[in-house]
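Here the protein sequences line up with chains A and B, keeping their order. So for the first sequence, our numbering puts the first residue at 15; every next one is plus one. So for the second sequence, our numbering puts the first residue at 15; every next one is plus one.
Mixed in with the good hints there might be a few duds.
One copy or two, either will do: identical chains are not told apart, so a pair holds if it fits within one copy or between any two.
[Claimed, not checked] In silico DSS-like cross-links for lysine-lysine, where the CA-CA straight-line distance does not exceed 27 Å: (1) Lys170 - Lys240; (2) Lys16 - Lys110; (3) Lys240 - Lys172; (4) Lys240 - Lys16; (5) Lys110 - Lys172.
Keep in mind the hints are simulated off the structure, nothing from the lab.
Number of protein chains: 2
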Amino acid sequence: MKTRVITGILWGAGFLLVVYLGGIWYTALVFFLATLAYYELIRMNHIRLMDWHGLTGLVFLWLLLFPNLVWEGNMLRGDAVFLFVLLLLFITVASKNRVEYQHIAYLLFSSFYLGFGFHFMNETRIVNGLAITLAIVFSTWATDTGAYFVGKARGKTKLWPAISPNKTIEGSLGGVFLAVVTMILFSFITDSLTISQALLIGLVISVSGQIGDLMESAIKRTLNVKDSGSILPGHGGVLDRLDSLIVVFPVLHLLQLL
Amino acid sequence: MKTRVITGILWGAGFLLVVYLGGIWYTALVFFLATLAYYELIRMNHIRLMDWHGLTGLVFLWLLLFPNLVWEGNMLRGDAVFLFVLLLLFITVASKNRVEYQHIAYLLFSSFYLGFGFHFMNETRIVNGLAITLAIVFSTWATDTGAYFVGKARGKTKLWPAISPNKTIEGSLGGVFLAVVTMILFSFITDSLTISQALLIGLVISVSGQIGDLMESAIKRTLNVKDSGSILPGHGGVLDRLDSLIVVFPVLHLLQLL
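Between the sequences and the hints, there should be enough to build the whole structure, so can you do that?
Here it is in structure tokens:
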């Protein structure tokens, strides 16, 4: 527990510092974390990074990560997807089927899952600025905190035991509550959101964050893995730590709430 | 053999008739064939079409199939991809992991593979017209024919035995030869291509067509299936019959040869 708290604080503080710095620092961090998460995700399915298909997936992930302003008038992302699909299919042939169709499908999906997630994590900081990015991060963390303490104190009814046996409905609601409170506090401080906007955004953050958490649990359960990695003592891997945020940011953009 | 020849001629004639008709007829045929191919491809991996994830993949495939002119100013394909990825991840959670990460990855990849292939099959007819579409189809079929007869007569050196044990290098070169001859003939008849253009296009068609064939063989070998389906007696499934064309058309567009 002590390791867990210390690592958590150090990780959180380091992350926030780079969010604050923004610019190239934050973009570089996003690329770095996405690469680690990619490594964790493919290793869970016994795909090696240092292999033709592992590296091809990584390059595609990086293409997705580039900020939108780099892409404009540069190259169609559609063509990139298409080239990626063809290259991967070609690798199955060139490798004489050592690389199977299911492997390349896993890579494509993983690149998209992480690509969208981390891309919008970066895009929000660039386009929407520091304040709202921090508010989203805090609100997501508030979800975890609220769910943990309320679940511990009052948790009775299992939320989704097939995938995550320890989560309870009470905890989940506690998470939603604390996330919404955080977002409303933010709206008071900055005056940039109305209360109803803050309420809606807080709700979306908390619900999509919890679903993101369940999604990652589902993946790990399928692959019989407990933690995605071990880079953060007591917290598992990078993916375990960011599973909520990489769903929260894209969903907020998709729903055009930002 | 007799069944095979008769089915082959009927299928070929029917296909060419609809290519000739063009417009809504050809687009409808493309949607129909793509749907059959999708059904074959997911069934090979024991995914049911009439299931949430099977249907979600199909809807996404159809989105990719729509001609470019329908999309313009309508909806970003990027957003569609993204929504599809999220929906599929959500289905893993909602199904309590009966639908696994590897299944949804398989669906995403399959939708892209068929989506791009059939989309460009349609797009070529719309944008580039009847003559060149027919030339490409004939040149692809010429590849098969040349490979079959030259391989039968002079085939000695195995081409890629790990994936397709009966193919020979001699046959493959015979396929390239007949495809290029077909394209050059076309350039004489229509006067729309220079000889060197015809030579290059014929070469690209034949090589990418043969690779497309190997790709589909690789998929089937991975999944321990002999034919993708049995809709065409003696010829296997729709995917077996169109595996070359759904790679040829996109590659020609990607290389900006059309």
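Hints versus structure:
In this assembly of identical chains, Lys170 and Lys240 lie within 27 Å of each other by CA distance solely inside one copy; the values are 23 Å within and 52 Å between copies. Proximity of Lys16 and Lys110 under a CA criterion of 27 Å is satisfied in neither setting, with 50 Å inside one chain copy and 33 Å between copies. Taking identical chains as interchangeable, the C-alpha atoms of Lys240 and Lys172 lie at most 27 Å apart only when both belong to the same chain, with a minimum of 20 Å there against 46 Å between chains. Taking the shortest alpha-carbon separations for Lys240 and Lys16, only the intra-copy value of 20 Å comes in at or below 27 Å, while the best inter-copy value is 57 Å.
For a Cα distance limit of 27 Å, the shortest separation of Lys110 from Lys172 across copies, 13 Å, qualifies, whereas the shortest one inside one copy, 47 Å, does not.
Comparing the model with each earlier hint shows a violation of hint 2 alone; every other hint is respected.
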